[in-house]
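Peer 1: Below, each chain spelled out in residue letters.
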Amino acid sequence: MDRRKFLSLLGGAGLASAMGATKVKAAGTHTFNGYPDAMGVLHDSTRCIGCRKCEQACAEVNNLPKPEVAYDDLTVLDTKRRTDAKTYTVVNKYNTAGLDHPIFRKQQCNHCQEPACASACFVKAFTKNPDGSVTYNGDLCVGCRYCMVACPFGVPTFEYDDPLDPLVQKCTMCHPRIQEGKLPGCVEKCPKEALTFGRREDLLAIARDRIRKYPERYENHIYGEKEAGGTSWLYLSAVPHTELGMPLVGKTSAPELTSGALGAVPMVVGIWPVLLAGAYGISKRKEKIAAEEQADAVREAIDKTKADADNAMKTALDKAAKDKAAAVDREVKKAVAEAQQSFDEKLAAMQAPAEAEDTDAGNSPEEEA
Amino acid sequence: MSNNQKSFWTPGNVLTAFILAGGLVLTFLRFYKGIGAVTNLDDNNPWGIWIGFDLMCGVALAAGGYVTSASCYLFGLKRYHSAVRPAITTAFLGYFFVVVALMYDLGHPWRLPYPLVYSQGTTSLLFEVGLCVATYVTVLFVEWSPAALEWLGFRKIRNFVIRLTLPLTILGVVLSTMHQSSLGALFLIAPGKLHPLWYSSFLPVFFFMSSMVAGASMVIFEGTLAHKGMHDKMDETHLKEADGVAFGMAKAASFILLGYFFIKVFDITMDNDWQYLATGYGAWFLVEMFGFVALPSFLYALGVREKNLKLVRIASVFGVLGIVINRFNVSMIAFNWQLPAAERYFPSWMEVGISIFVVTLIVTTYRFIATKMPVLYEHPEYKDAH
Amino acid sequence: MMKGRSLLRWAGLLVAVALVSVWGHEARSSKAEVSSAGSYADIVTIDVIGKMGNTELPAVTYRHDLHTEAMKKLNKDCSACHKTQDGKMSLKFMRTEDGSAEELKKLYHTNCFACHAEQAAAGNNTGPQEGECRACHNPNPADASAWKEVGMDKSLHYRHISAKTIKVAGQDVNCGACHHVYDPATKKAEWKKNTEDSCRACHKSEPTPVAEGADKMKPAFKVAAHESCVLCHVKTTGDTGPVTCAGCHTAEAQKQYKVVTEVPRLERGQPDATLVVADDLKKAKLPAVAFNHKLHEASLDNCRTCHHEKIASCTECHTVAGKKEGNFVQLEQAMHAVKSKTSCVGCHNTAKTDPSCAGCHSLMPKAAPSEQSCATCHEKNAPKGDELAAMDKDQKLAAASALVSARPTTMPVYGDEDIPEFVEIGAIADKYEPSKMPHRKIVKTMIAAVAGNKMAASFHTDPGTFCQGCHHNSPVSKTPPKCQSCHGKPFEADKGDRPGLKAAYHQQCMGCHAAMKLEKPKATACKECHAERTN
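Residue numbers (our numbering), protein chains in the order written: chain A, 439 to 807; chain B, 5 to 390; chain C, -19 to 515.
Derived from the structure by calculation, the hints contain no laboratory data.
Built from N, CA and C at the ideal position, the CB exists for glycine as well.
Do not rely on the hints blindly, as some may be mistaken.
Said to hold, decoys possible - Each pair of labels, with its calculated beta carbon distance range:
hint: 1; chain 1: A; residue 1: 520; chain 2: B; residue 2: 20; range: 57 to 67 Å
hint: 2; chain 1: A; residue 1: 535; chain 2: C; residue 2: 234; range: 14 to 24 Å
hint: 3; chain 1: B; residue 1: 33; chain 2: A; residue 2: 511; range: 50 to 60 Å
hint: 4; chain 1: A; residue 1: 535; chain 2: B; residue 2: 142; range: 53 to 63 Å
hint: 5; chain 1: C; residue 1: 19; chain 2: A; residue 2: 511; range: 34 to 44 Å
hint: 6; chain 1: A; residue 1: 535; chain 2: B; residue 2: 360; range: 21 to 31 Å
hint: 7; chain 1: C; residue 1: 502; chain 2: B; residue 2: 33; range: 45 to 55 Å
Unchecked claim - Pairs of lysine-lysine, DSS-like flavour, derived with a Cα cap of 27 Å:
hint: 8; chain 1: A; residue 1: 651; chain 2: C; residue 2: 319
hint: 9; chain 1: B; residue 1: 37; chain 2: A; residue 2: 726
hint: 10; chain 1: B; residue 1: 244; chain 2: A; residue 2: 722
hint: 11; chain 1: A; residue 1: 504; chain 2: C; residue 2: 411
hint: 12; chain 1: A; residue 1: 724; chain 2: B; residue 2: 387
hint: 13; chain 1: A; residue 1: 726; chain 2: B; residue 2: 311
hint: 14; chain 1: C; residue 1: 63; chain 2: C; residue 2: 202
hint: 15; chain 1: C; residue 1: 482; chain 2: B; residue 2: 311
hint: 16; chain 1: C; residue 1: -17; chain 2: B; residue 2: 255
hint: 17; chain 1: A; residue 1: 524; chain 2: B; residue 2: 387
hint: 18; chain 1: C; residue 1: 482; chain 2: A; residue 2: 651
Claimed, not checked - Which chain C residues stay away from chain B? Per the calculated CB distances, all over 12 Å, these:
hint: 19; residue: -9
hint: 20; residue: 186
hint: 21; residue: 335
Given these sequences and hints, build the entire structure.
Peer 2: Here's what the structure looks like:
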């Protein structure tokens, strides 16, 4: 690709993103404050008389099977109960110190603003609807029960006894009914309006107003206003909420608790290969360098050996040449000496008989040995 | 084993057959009558030992695969080479049977692919676990396949797969980091239910670090068992390198355990949880920290220094037990600590039976593979397995 | 491998030591469960050196009754620790005056340890010895304090003034035994008739000068009270009061006191009726309030509820603008503060929590007094403005008397013919039959419950006011509106917190029954009010 083409592509991309692109929300400044028209229920336990009509209504509208003990048997309130696969809501009785009468409180799904169950579900079987309810889709559920681990209020229940299609069961805030403009079953049935239905915003205002008007009647705390990021089911109480079995839950919602760990995942995917490839590269490089150094060392060793050998050879050759020269020298000297000697002998021999014959003048030119 | 047909029923094989038969009966019960008929799980305690042991310990103890292959192929420590195939086999079987065990625990096991292909719950750490484990099982299968391919004689495919070793190893470490830590991160969502001494925003880090220790310890531990039971299947390289592998793993495990101990101390300091040490749970926490983190760290170090293989093996037992205890603590013992005693969970014998059944399946399969395929030895025709 | 084995042994030992040391180390927070050792009323915090500024060690937590009991066993009495000077026992330990910090430390240590050491040598269970500093200098003692304030109520006071054992020489009343006022002329504290007051009127939490600019200090309230009460009890033989901490300062002991029900009125020269007149009549334009002092005396068991600092007119300290003596509580708040125990409105609100009243009043939001009730106190024909400013004391008293005696003594009510006998509540009858409410019976029962109640008589000015308990949020009328005039469908956004008709009935009826602490009808006994429909 040449420069011109690259720049034009860049310009085109910039233009395209400027028009018609979705608004990018800067991380950290954008918060979701809940669906504006989300409904909720305000449960005022100072009004609750423990008549269990809400339990009965819930079973009726949800077609739940009849319980073992009839709804008008109030002796069941003497033991603490929890919801189960066939009971979406229960009322419990609490005897608090310092009060001459017990307090009753209804327990069911709190329909959190940022539900832990929806956050935990890995098949998106839970939905926080715009009407405030948190509903469950049994057709997606794999039955892993992580939602039951995640819920800080211990709400979801499971049909352990169903081998083929065990589903998670919990209060639905009567989502189908409120879609039709009707009231949730429990709210409709309560004779004392211990359950008030309305927009969550309005309920908070009503709750604060009640506390303001009757300060001696209420504990100055609306449970669910901030707990677990806020819930659609709000509670008013005459005593600290924890004395009525409400768990001590912090402000942080479940998604906030896990978003850090989830955010780390793409980072790991991006960074680990770099680190590991780097480690691999480094170890390979080390190996290579080690191999090279070893090769170098070997070569050096060989060279040195060769050089030493050459030197030795040269010295030996020199010496041999010298020896040879010396030997030649010696031999020549010897030969000369011998020749001289032989000449001398011959000369002597010749001189002697020469007296006898003077004629042969002219000695054969003798070599000078 | 002997050629004689009669001696097939060794005591080990008899026991195996008994367990497998019982397991099949329990399997039938589970799928005929539902989870409630076989377990002690209830609405307060949705997860029991099938998650706490089969899943969490299974995944942690199968970490030897990525630890060994990373050491050998990425960090270039060649002396671990003979330990890679056994570790990968263990890891593959471990993860495969984790999925098998999951079939028992899920309400709709046939819907397990849903989060991957149908409806992705990307806000969930369990989704992350599922995605990574699914991918990693595949990776492990491919990494392990050369052993089977060599046994089957499919040379060309085998040679092709061997070339993938490096990218698969990197992918394996990446995936392992993610799902090992995410198993710990599963509990981030329930601060009110996990005892403060175990709950931390650093749970993912703790689980990841301890998984490395689990891997190293399992390599040593399994190596010990394999040496006892399948010595005759091991080739010269394997036997020669075995001690080096053990000591090398011990060194790594010792360091990592020491680091793990310190970050646990830092975590308690940061959350100011010191007062909990003076309670019953605190005592148990100290037992876990001192008896199963500090002690194995020390024993490993001592064993390496003194070149004492026996000590290293003892340390590896502590290491493995430590991982099991830690996973048990986080998922069952320190979980729901605030509930009254009557509402706490204890596994039923049938749950335990199925867990034993699954472990036996792993061991049996491993024995089959290691006996028949070139895991503990190098195939003479494929000496290039670098 | 010998080296390895011994190393291993040392390692094991180290681990064991580490474990034990971490376990035994006091890594406990203050939140860790502290076994409640007990709650005592006799805990005295000795911090005399700390108050001088020397805080080397924390204050000492001292158990007084524990020591007096121990002394009793050793046949010793108060003089073992308390010295007498000029015939009066000092409440200080082993001294009549405080010295320097060093001297005090030596004094306490020497004397305390001497006794403890002696007892320890004798083999008795005793207190900390020398060197066990923090056993005494303990900032967070395990013992909780069960100390309860004790005061003179009318009954206890009457028992004192009628006691034969309390006599003042030369007088036929024994007021002077306790009550005194400082006379700067004689420089003495002596009794002066009709100036009797609570000890707290002069004796404050710290010693204060006896008069403006004087050097002499009057003792702090705690010292004055104990000197007055305990020393007298100690001195008196025969039927006398408690001498131990627990004898006065525990709820149990206080419950045991003999109570005199019919206490004759205390004569201190107080008026039967008085006018409450603001200091700044230019600002306070409403008519003065005629206050029935005699009635209110009878309805309370002590004077301090209203005269909470001293016996004087409220307006002396609580002015319209507010002043320092009144803690800057303005007159308006002093009279009308809704949650206060000492204001008129606050006390009346407390009175309305009585079951006979609470049935209606607990359902009404706590708010500032309604405009109707202003006129009950600030009567139209009471003096105000210039006329009031011109009146002298006697004229004011006379005006007050006249106004008070003109007030109604019984609550006005409608005749039976105006109160429907039965009311059939069936507007939304669905699963149950209409409820037949015995309306007249209920109303007359409630009227009877407040028959003798002067507050009801004063404030329920109109016969229709009483009906407003149920027929609320509407003008006073003989024919108040039906409930369904305002209560319809529930949860209508523009209706705010107004209940629907079903809840309106149930909240009103059940709320009243609960507040009046009625056993029947039980809230969950639906059929007692309306029969079930069978179809």
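Peer 1: Residue 504 (chain A) and residue 411 (chain C): Cα distance at most 27 Å?
Peer 2: Between residue 504 (chain A) and residue 411 (chain C) the Cα gap is close to 19 Å, so the pair holds against 27 Å.
Peer 1: Using the beta carbons of residue 19 (chain C) and residue 511 (chain A), state whether their distance is inside 34 to 44 Å or not.
Peer 2: At 42 Å between Cβs, range holds.
Peer 1: Minimum Cβ separation between residue -9 (chain C) and chain B greater than 12 Å?
Peer 2: Residue -9 (chain C) is in fact no farther than 12 Å from some Cβ atom of chain B, at 6 Å.
Peer 1: Regarding the pair residue 244 (chain B) and residue 722 (chain A), is the alpha-carbon distance no greater than 27 Å?
Peer 2: OK: residue 244 (chain B) and residue 722 (chain A) at ~24 Å, within 27 Å.
Peer 1: Could one say that the CB atoms of residue 535 (chain A) and residue 142 (chain B) fall in the range 53 to 63 Å?
Peer 2: Since the Cβ atoms of residue 535 (chain A) and residue 142 (chain B) sit about 60 Å apart, the hinted range of 53 to 63 Å holds.
Peer 1: Please test the hint of 14 to 24 Å on the beta carbon pair from residue 535 (chain A) and residue 234 (chain C).
Peer 2: holds, 21 Å
Peer 1: Starting from the hint 57 to 67 Å, judge whether the C-beta atoms of residue 520 (chain A) and residue 20 (chain B) obey it.
Peer 2: violated, 42 Å
Peer 1: Could you grab the alpha-carbon distance between residue 726 (chain A) and residue 311 (chain B) and see if it respects the 27 Å cut-off?
Peer 2: Violated: residue 726 (chain A) and residue 311 (chain B) sit about 30 Å apart, past 27 Å.
Peer 1: Would the pair residue 724 (chain A) and residue 387 (chain B) pass a check requiring their Cα atoms to be no farther apart than 27 Å?
Peer 2: holds, 24 Å
Peer 1: I want to verify a distance hint. Is the separation of the beta carbons of residue 502 (chain C) and residue 33 (chain B) within 45 to 55 Å?
Peer 2: holds, 49 Å
Peer 1: If you draw a straight line from the CA of residue 482 (chain C) to the CA of residue 311 (chain B), is it 27 Å or shorter?
Peer 2: Judged against 27 Å, a Cα distance of about 85 Å means the pair is violated.
Peer 1: Just to be careful, I want the Cα atoms of residue -17 (chain C) and residue 255 (chain B) compared with a cutoff of 27 Å; is the pair within it?
Peer 2: holds, 20 Å
Hint check: violations occur at hints 1, 3, 6, 9, 13, 15, 17 and 19; the rest are consistent with the structure.
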